[in-house]
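A.B. asks: We have chain A; now place chain B onto it with these hints.
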Amino acid sequence: MAQVSIRKITKAYEGAIQVVKGVDLEIADEEFVVLVGPSGCGKSTTLRMIAGLEEITSGEIWIGGNMVNDVPPRDRDIAMVFQNYALYPHMSVFDNMAFGLKLRKFPKDEIKRRVDEAARILDITPLLARKPKALSGGQRQRVAMGRAIVRNPKVFLFDEPLSNLDAKLRVQMRTEIKKVHQTVRTTTVYVTHDQVEAMTLADRVVVMNGGIIEQVGPPQELYHRPRTRFVAGFIGSPAMNFIPCRLVNGGDSLSLRLSDQITLPVPADRKARFAPYKDKAMLLGLRPEHLTELREQGKENVVRMDVDLDVTEPMGMETLVHFHIDGTPLCGRVDPSAPAVPGTRMPMSADLNHLHLIEPESGVIV
Amino acid sequence: MSAATAASGAVPATPRSHGSLSRQRRWALYGSYAALAVFVVMFLAPPFYMLMTSLKSAHEISAEHGNPWYAHHPVLSNYTELLTSPAFLMYFWNSIKTTVVVVIVSMVISVLAAFSMARMKFWGSQTIATGIFLTYLLPESLLFIPMFQIIGKFGLINNAWSMVLVWPTLAVPFCTWIMIGYFNSIPRELDEAALIDGAGWFQMLMKIFVPVAMPGIIAATIFAFTVSWGDFLYPMAYLYSSNQMVLTVGVVSDLVRGDVFQWGKIMAGSLMAAAPPVIIYAFLMDYYVAGLTAGATKG
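Sequence order for the protein chains is A and B.
Throughout the first sequence, residue numbering follows the numbering used here, covering 20 to 385 in sequence.
Throughout the second sequence, residue numbering follows the numbering used here, covering 789 to 1087 in sequence.
Bound conformation, chain B alone:
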């Protein structure tokens, strides 16, 4: 700082001061922090409001006076009642079992697909790779009606396991795309070395590609988990009895009876539903970023 000041002082002839580098940098930092603060408020205000509402009694929520952003008499009853309700626990369990199976199925498919498209340059592999990405661009709202027919043909309407067929259509294309990018960033000499060392294609995949591409696999896994766990439209369309519902739909349909909204429980349920992805992101954020940016920086 002092050196910079001395330097700018040593040039008295300059008609207008342009400021030192460190000063410009400081202003850039202030600006960044101000912008970030706005975003933090924007994004964290709704969850904060949810948290406050979930801590209020039904009486306090409907009260016309008082600051709505603050729980004056916090209660945990919304949480305890949900956690002791068999229906809510059933939704939770349905969400967990279907999501876990979907993640495993999606990852197996996309790792195998990505490996074959990144390395086994077969006829039409480029076209298929592009095709996979295009399927990702199709919106859910367009797919759910034909998919309803297919699920119906299988006799899986109102069966939580139908999600195992449905959700991979969201997860597989994107995961495959991430994995193709990651596998492409692995130098070709590595497979040639493995080939000469005596590995077959499958050994090459399991012993070289999967361990080396672990950040990419973690990123894709997180993505598959997030889309399955948080999906609303498909379970809304295909599941209607209470014992088959998953969390996203269950919370809303069970806690809204006619025109009665149990806001405290809705918020408590939503927060608990959001917890697993948040926890996973918190621990694996670095891998997620590394996986999504692979190929951009890796040689």
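Looking at chain A on its own, in the form it has when it is part of the complex:
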């Protein structure tokens, strides 16, 4: 059990290419932190620096109160689960899990006790005698997790552990990982490019982009109060709509002018915040679930908007509708019973209580 501190770490290859540009992160004991971001954002490199598999160009990493910059991986008391499992192909499941303990000269009965315990947690007891090639993808991933659990390390590191699994198994293993963490309570750093995985697993999500941290926070906070355009667009599926607009004076109040036909009023509680951006070209951010079929008319800040539907995608529990305003493609989520027909005009509700206003140049949400 340990906390992890990452202080201003950077990673540069060959002196020139900087992939991690000063990451600061405090991870509490027993916390499950997920690093998420598009490929090349530096999340895996950060994880590998925590593991000791990559050298740190500058900055410090502390694990459990010790600075580990120059400590080799085996002495950092960490365990890592890899994307391609990295099981030792010539060893049985038992030996795969026992390998680290054997190298550390644990007594035989202690090794057996720990492996049996981990196998029980992961439900792989019947597989202990098998070789990795006789296992399915999901079983291999469990063994890889078992190898981490038996060591009882200070920190678990997961490097995209579910990316090689098919969609159904991925969802199942996601739950499994969460369950394991609730059982063993080991501090965990988990890397993924899948924002759904990040949201569902994390105590706190770290969104990375271009080698820096965009925002750190609990999943709900990132979803409802993103601080940058990148976080707003990355978290949530389908992604948030961004609509170019201009903040104008409409009588005694501010409004957002989307096109010649559509002008939306700014909710009263935001007026003061938005006022400095008057007459500027801005971006309106609105999640698809806040663009619905006509409903909650009369509720404050819910306005009607008539749109021409381009495409509809029935998902069963909802229907995604695609339309555009002045050439900007938008997506809304409507009730499956709503009369959404492509090529027709549909009255919709926009819930402006949830709008975000973004300054386009800086990408900062106002």
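It should be emphasised that the hints constitute simulated quantities derived from the structure, not laboratory data.
Every residue, glycine too, gets a C-beta built ideally from N, C-alpha and C.
Don't take each hint at face value.
[Said to hold, decoys possible] The list that follows gives simulated cross-link-like pairs (lysine-lysine, DSS-like), each with its CA atoms no further than 30 Å apart: (1) A:173 to A:40; (2) B:995 to A:150; (3) B:995 to B:909; (4) B:909 to A:27; (5) A:173 to A:198; (6) A:150 to A:121; (7) A:187 to A:150; (8) A:173 to A:127; (9) A:121 to B:995; (10) B:995 to A:127; (11) A:124 to B:941; (12) A:131 to A:150; (13) A:131 to A:121; (14) A:150 to A:127; (15) A:152 to A:198; (16) B:995 to B:941; (17) A:152 to B:995; (18) A:150 to A:124; (19) A:198 to A:121; (20) A:197 to A:152; (21) B:995 to A:173; (22) A:121 to B:941; (23) B:909 to A:131; (24) A:131 to A:152; (25) A:40 to B:909.
[To be verified] Footprint (simulated), chain A over chain B, 3 or more residues, beta carbon under 8 Å: (26) 974 to 982; (27) 991 to 1001.
[To be verified] Distance windows between CB atoms, simulated: (28) A:215 to B:809: 41 to 51 Å; (29) B:820 to A:183: 31 to 41 Å; (30) B:998 to A:127: 18 to 28 Å; (31) A:33 to B:998: 29 to 39 Å; (32) B:885 to A:86: 48 to 58 Å; (33) A:123 to B:914: 27 to 37 Å; (34) B:824 to A:123: 54 to 64 Å; (35) A:123 to B:998: 49 to 59 Å; (36) A:123 to B:820: 50 to 60 Å; (37) A:131 to B:998: 17 to 27 Å; (38) B:998 to A:59: 29 to 39 Å; (39) B:914 to A:183: 25 to 35 Å; (40) B:931 to A:59: 27 to 37 Å.
C.D. replies: The following block gives chain B in isolation, referenced to the frame of chain A:
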């Protein structure tokens, strides 16, 4: 077959028949077998002739009549005489002891060298890897004179153990090359997992790389064995007394006295000398192929 025939019959408008797929396949098979048959005959005719000659008496060999490809009165005397001759057994023993030591020495060197070059990316490792391959391209006939001087300096001329110094120059470069290829085909996450599990470099090599790369190691071992066992030039140049000779040279020098060729025994001796590699290949052929093609298909 019947389905294919029906299908081609159903298209009467086609001006010229191109034949069905199965027919083309059949012709391809015939062609392959014909070509293979030619090769089999070409490659097996000499050993067959050797076998027949080894079964003939000296009298039958020198006879001017009769089919030379067939032993009319087969005798085993060539074999029994060799196997009871102390000189021949001495050659055999010299070949075995030197080859075994050479194989062990070569494999230890090349596995360690290949591991360091495949995984410990040190400064200049790529250049050294290329350099090792280039040394393999140097022909024996170019090396044996300078090597003669070196062996001479060590005072090992006419000593069977000198082969332990000489043959690794043939075996190590190629074996290292095979092993580099094989080690490179092992995913890097495997060493990282071992590193985190607490293994040092040597433990990683012995507990992960050697077992996983076993097919490659077997292939390299077979190669080291074959080049040492079958080498002629070096022992010919460095060994001259009967008690130090190895099989390849011994058979020829002992059984050719002046202009008298004891053909029956030469053939019997050569066949017996060829037996160990043949037996090894027969049992480990699959590993050999797997080892040489590693990296081509393995991810």
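A.B. asks: Decide, hint by hint, whether the structure agrees.
C.D. replies: Tested hints:
1. A:173 to A:40: holds (26 Å)
2. B:995 to A:150: Holds, at roughly 16 Å.
3. B:995 to B:909: It holds: about 20 Å lies between the C-alpha atoms, which stays within 30 Å.
4. B:909 to A:27: Roughly 28 Å separates the two Cα atoms, so the pair holds.
5. A:173 to A:198: Status holds; Cα separation ~18 Å.
6. A:150 to A:121: holds (18 Å)
7. A:187 to A:150: Holds: residue 187 of chain A and residue 150 of chain A sit about 24 Å apart, inside 30 Å.
8. A:173 to A:127: Holds, at roughly 22 Å.
9. A:121 to B:995: holds (12 Å)
10. B:995 to A:127: Judged against 30 Å, a Cα distance of about 18 Å means the pair holds.
11. A:124 to B:941: It is violated: about 49 Å lies between the C-alpha atoms, which goes past 30 Å.
12. A:131 to A:150: holds (18 Å)
13. A:131 to A:121: holds (11 Å)
14. A:150 to A:127: holds (21 Å)
15. A:152 to A:198: With Cα atoms ~26 Å apart, residue 152 of chain A and residue 198 of chain A stay inside 30 Å; holds.
16. B:995 to B:941: violated (40 Å)
17. A:152 to B:995: holds (18 Å)
18. A:150 to A:124: Within the cut-off at roughly 23 Å; holds.
19. A:198 to A:121: holds (27 Å)
20. A:197 to A:152: Cα-Cα ~26 Å, so holds.
21. B:995 to A:173: holds (25 Å)
22. A:121 to B:941: Violated - the C-alpha atoms of residue 941 of chain B and residue 121 of chain A are around 49 Å apart, more than 30 Å.
23. B:909 to A:131: violated (37 Å)
24. A:131 to A:152: Since the Cα atoms of residue 131 of chain A and residue 152 of chain A sit roughly 22 Å apart, the hinted pair holds (cutoff 30 Å).
25. A:40 to B:909: This hinted pair holds, its Cα atoms lying about 26 Å apart.
26. 974 to 982: As far as the region 974 to 982 of chain B goes, the hint holds, because 6 residues have Cβ atoms under 8 Å from chain A.
27. 991 to 1001: With 5 residues in contact (Cβ-Cβ under 8 Å with chain A), the coverage given for the region 991 to 1001 of chain B holds.
28. A:215 to B:809: 41 to 51 Å: holds (47 Å)
29. B:820 to A:183: 31 to 41 Å: holds (39 Å)
30. B:998 to A:127: 18 to 28 Å: holds (24 Å)
31. A:33 to B:998: 29 to 39 Å: Check passed, 33 Å falls within 29 to 39 Å.
32. B:885 to A:86: 48 to 58 Å: holds (56 Å)
33. A:123 to B:914: 27 to 37 Å: holds (35 Å)
34. B:824 to A:123: 54 to 64 Å: holds (56 Å)
35. A:123 to B:998: 49 to 59 Å: The hint (49 to 59 Å, Cβ to Cβ) is violated, given that residue 123 of chain A and residue 998 of chain B are roughly 21 Å apart.
36. A:123 to B:820: 50 to 60 Å: holds (56 Å)
37. A:131 to B:998: 17 to 27 Å: At 26 Å between Cβs, range holds.
38. B:998 to A:59: 29 to 39 Å: 36 Å Cβ-Cβ, so the 29 to 39 Å window holds.
39. B:914 to A:183: 25 to 35 Å: Holds, at about 31 Å.
40. B:931 to A:59: 27 to 37 Å: violated (50 Å)
Comparing the model with each numbered hint stated earlier shows that hints 11, 16, 22, 23, 35 and 40 do not hold.
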